[in-house]
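Protein chains: 2
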Amino acid sequence: MSRADRFLKACRREPVDCTPVWMMRQAGRYLPEYREIRKKHTFLEMCKTPELAAEVTIQPIRRYEIDAAIIFADILLPLEPMGIGLEFAKGEGPVIHNPVRSLADVKKLKPVNTKESIGYLLKAIQAVLKELDGKVPLIGFTGAPFTLASYIIEGGSSKNYEHAKAMMFSEPKTWHALMEHLTHVIIDYLNAQIDTGVQAVQVFDSWVGALGTSDYREFVLPHQKKVLAGIKKTVPLIHFAHGATHLLEMVAEAGGDVIGLDWRCDLDAAWRRVGYEKAVQGNIDPITLFAQKEFIRKRVQEILDRAGGRNGHIMNLGHGILKETPVENAEIFINATHELSKR
Amino acid sequence: MSRADRFLKACRREPVDCTPVWMMRQAGRYLPEYREIRKKHTFLEMCKTPELAAEVTIQPIRRYEIDAAIIFADILLPLEPMGIGLEFAKGEGPVIHNPVRSLADVKKLKPVNTKESIGYLLKAIQAVLKELDGKVPLIGFTGAPFTLASYIIEGGSSKNYEHAKAMMFSEPKTWHALMEHLTHVIIDYLNAQIDTGVQAVQVFDSWVGALGTSDYREFVLPHQKKVLAGIKKTVPLIHFAHGATHLLEMVAEAGGDVIGLDWRCDLDAAWRRVGYEKAVQGNIDPITLFAQKEFIRKRVQEILDRAGGRNGHIMNLGHGILKETPVENAEIFINATHELSKR
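Here the protein sequences line up with chains H and U, keeping their order. Going by numbering that gives the first Met the number 0, the first residue of the first sequence is number 0, and it counts up by one from there. Going by numbering that gives the first Met the number 0, the first residue of the second sequence is number 0, and it counts up by one from there.
Please note: incorrect hints may appear among the correct ones.
Given that identical chains are not distinguished, each listed pair holds provided it fits within a single copy or across any two copies.
[Said to hold, decoys possible] Straight-line alpha carbon distances no greater than 35 Å define the calculated DSBU-like cross-link-like pairs of lysine-lysine that follow: (1) K158 <-> K224; (2) K232 <-> K341; (3) K292 <-> K107; (4) K292 <-> K277; (5) K297 <-> K172; (6) K122 <-> K225; (7) K172 <-> K292; (8) K322 <-> K231; (9) K225 <-> K114.
These are computed hints drawn from the structure, not numbers from a lab.
The whole structure should be built from the sequences, with the hints applied where relevant.
Below is the structure:
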């Protein structure tokens, strides 16, 4: 079995020769070859230039025996075509100049035709597919409605999500209208990636862990279900909600062939809660890769033990790889996964 | 029954006439009378001037029918006497100029005699007790070892706790030495407050939710147990770990007469996990107080329903009150708790 099959087979809970592994944010700042390119271009320039996006997507595939590529992009790319001004300010993360705060603001948002407005991403996907030539599968991705809504309402990153939650609690009609708009945008965005040829997709709900269970049930779950139901069933769908151990049953209920787990939960207990009819992905603490080789291997072994050799486990970090991660430690993690899980 | 008894009775799981309520960070920036004083003094000046600390401690007691006062202080006050330079930079939160990163750094830390070095806090407690004159009980508090260690190692607030976790994983001897030092400091710090007359104490583990379960078990639990066992048993002890729904059983195992719950968990399910031999405190989402009256009352009712009239529930927010909270909404929350829970 080769890198071409391992990941997709695990997504479908079929037997594999060893556990497949990839890393969230693997095309990123921890790689010197990425930083070389990033020096000369802004982050958005890199996203919008298919040759550059393709190049950084492939960098980790060249360097590591990793089992999947994930297209280099940002979950906020659909914002501009919706009519929302987006900027990546130095050291500050995304800044949104006209946050959405009222029903009138929501009504001004434009529908998005991905093939027309975000064609650069589809071109990057085509370029990657050509260069990979079937060697490893390519994952497309999107942000989930809550996570996109939180950026759009707060105007950027947030600590407490007070504007987003206040809208939920005080202007539920506005909230649901925004979530519905985002649902349409996201379905189109991800299906366009599938049409272009990605072999799997992941939906990132990065910030939904800030919600209590009743709020997730009332304000997120119905929309999340619609999004996941609207995505074409031709490729495996990974659903990852960060910081959401307390929401795990509902995350699984919302949908996805594979449920992504962050590092806070125990993989065995989490898989039981998710249900064995789904695959799981995760869940080593990204900071583990700051430690010595033997510690990294020990932690990999612990996660493999919790997976118990069951079909349908994809190894990953519990969140994106951090930029300070030593490149050689990412390699130790990847190789340890293959070696220690050999069937 | 009066404000003098309700909170302490609930801590001991005795019957009450209605559910007692207070708010974490209730002496703070959401109050105009606090901001009036804060304009003229730095945050640390306010902590170190007993008259000012006493005044802002009492402000919410004057304004609201709240059932407990909590001394105005900061969890980082014990840092300076340990020999760690601390500053509250404008808009940045705490900045620690000489973060602890090695065993040599840990060995340089000084033991702390609270009565000698942090006497200003004890004087503030005395002043509050005198003015309150038994009308409502006063809560003393401290940070937990993990939370203090994370500030001390990172040099301030952190998003990923990479230095703290890297020390755990790569230099466990250094980590445990630091946690042991902090354990002694914290026990002395809280017992000095008890000796001065506070009627209850709370241990805040604000950032421990960043840890997975095995890390909590190995690197935190033994120290947390020692801290909680070292605190005098003469007053009720509240143990609050924020963002730690996934750690709840171990948090309860570590100790505390009352377990604080953040807003992410369902109070009924959480109480079952904690065990009914302990009281619980919480757990309304602080952002609820940004909504309209009827919504706040509905959420209060939901939490009371989950508590089910069982002895041993103290109403609180699931985290500190936010500075943008409308003062009248805090009043709605407090009065709704009393009114809707009347036995």
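Hint by hint, here is what the structure shows:
1. For the homomeric pair K158 and K224, the shortest alpha-carbon distances inside one copy (26 Å) and between copies (30 Å) are both at most 35 Å.
2. When the C-alpha separation of K232 and K341 is checked against a cutoff of 35 Å, the pair qualifies only within one copy, where the shortest distance is 30 Å, while the shortest distance between copies is 53 Å.
3. Taking the shortest alpha-carbon separations for K292 and K107, only the inter-copy value of 30 Å comes in at or below 35 Å, while the best intra-copy value is 53 Å.
4. For the identical chains of this complex, K292 and K277 are intra-copy neighbours only, at 31 Å inside a copy versus 42 Å across copies, given an alpha-carbon limit of 35 Å.
5. Proximity of K297 and K172 under a CA criterion of 35 Å is satisfied inter-copy only: 18 Å between copies versus 50 Å inside one chain copy.
6. In this assembly of identical chains, K122 and K225 lie within 35 Å of each other by CA distance solely inside one copy; the values are 27 Å within and 59 Å between copies.
7. Taking the shortest alpha-carbon separations for K172 and K292, only the inter-copy value of 18 Å comes in at or below 35 Å, while the best intra-copy value is 52 Å.
8. Within a single copy, K322 and K231 get their C-alpha atoms as close as 33 Å, which meets the 35 Å cut-off; across copies the closest is 45 Å, which misses it.
9. Taking CA atoms no more than 35 Å apart as the test, K225 paired with K114 passes inside one copy only; the shortest distance there is 21 Å, against 60 Å between copies.
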